[in-house]
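Engineer: Numbering of the sequence shown is given in the working numbering, commencing with residue 217 and proceeding in unit increments.
These are computed hints drawn from the structure, not numbers from a lab. All values reported here derive from a predicted model rather than from experimental measurement.
Computed cross-link-like contacts, BS3-like style, restricted to lysine-lysine with a CA-CA straight-line distance of at most 30 Å: (1) 275 x 342; (2) 337 x 314; (3) 250 x 345; (4) 304 x 342; (5) 304 x 337; (6) 314 x 345; (7) 250 x 275; (8) 304 x 314; (9) 345 x 275; (10) 304 x 345; (11) 314 x 342.
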Amino acid sequence: MRIPRVYTFQPLEVGSTVALEPPVSRYLMQSLRKTEGAQVEIFNGNGAQYFANIISSSKSAVTIRIESEDQVSRESPLSIHIGLAISKGDRMDYGIRKIIELGGNQITPLITQRCEVRLSKERSEKRLKHWRGIVISACEQCGRNRIPEVNEPVALDQWLASVDAQAKLIFQPGGNINLADRPRPESVALLVGPEGGFDDQEVVQAEQAGFDRVALGPRILRTETAPLAAISVLQYLWGDFDQAIVGVNETAD
217 MRIPRVYTFQ
227 PLEVGSTVAL
237 EPPVSRYLMQ
247 SLRKTEGAQV
257 EIFNGNGAQY
267 FANIISSSKS
277 AVTIRIESED
287 QVSRESPLSI
297 HIGLAISKGD
307 RMDYGIRKII
317 ELGGNQITPL
327 ITQRCEVRLS
337 KERSEKRLKH
347 WRGIVISACE
357 QCGRNRIPEV
367 NEPVALDQWL
377 ASVDAQAKLI
387 FQPGGNINLA
397 DRPRPESVAL
407 LVGPEGGFDD
417 QEVVQAEQAG
427 FDRVALGPRI
437 LRTETAPLAA
447 ISVLQYLWGD
457 FDQAIVGVNE
467 TAD
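Please put together the full structure from these sequences, using the hints given.
Structural biologist: Now the structure itself:
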């Protein structure tokens, strides 16, 4: 049976005991029905993962003892910062979760001309907290031991003026850049539009800020599909997907 993997905000050290937060405790005891003596994998974003045993428990309070540490890294060598136009509800949540699974390092929600979502300050703060929770959940699932950042939402022109990366790309119909011909960068800024796409002036602004226009094939992709296809391409060309595919081919042979 798979060992449950959970996140904590607390410091972790081999030999120490940790009283887990109530939501994590309830998940282990009520959802997974774990009992004393059960093993747990736990991480706090410092780059390591730890293995622990439950030493005491109740419905909403679990204490564990850290037994061992593993300094495994599952981060891509390619740093990817996504400027992601805010979309409605589940679409945004889905996009953020999959970006993290595919190896994105940083996400900045963007306010663009054709965004259908307008956030007040209070709602923006709530959504940011919600999105950061999705990132943690995705890291629990995919095994990442560092927590990618979700920045506060900003206007597109503000992000274009501040983002820094060796390669800057906007995936937009009509792009004619061949990524396979470009030298491998260490960092990429990737700009992804809303449901209605960017307006012409926004595309011009992005190009003036150093973004190259790249097409993702002949079909129009939905806003939640585009970043996943784009990151997969980037990870294959410049990240760590090529290693996985080579490994599969070698195994098949």
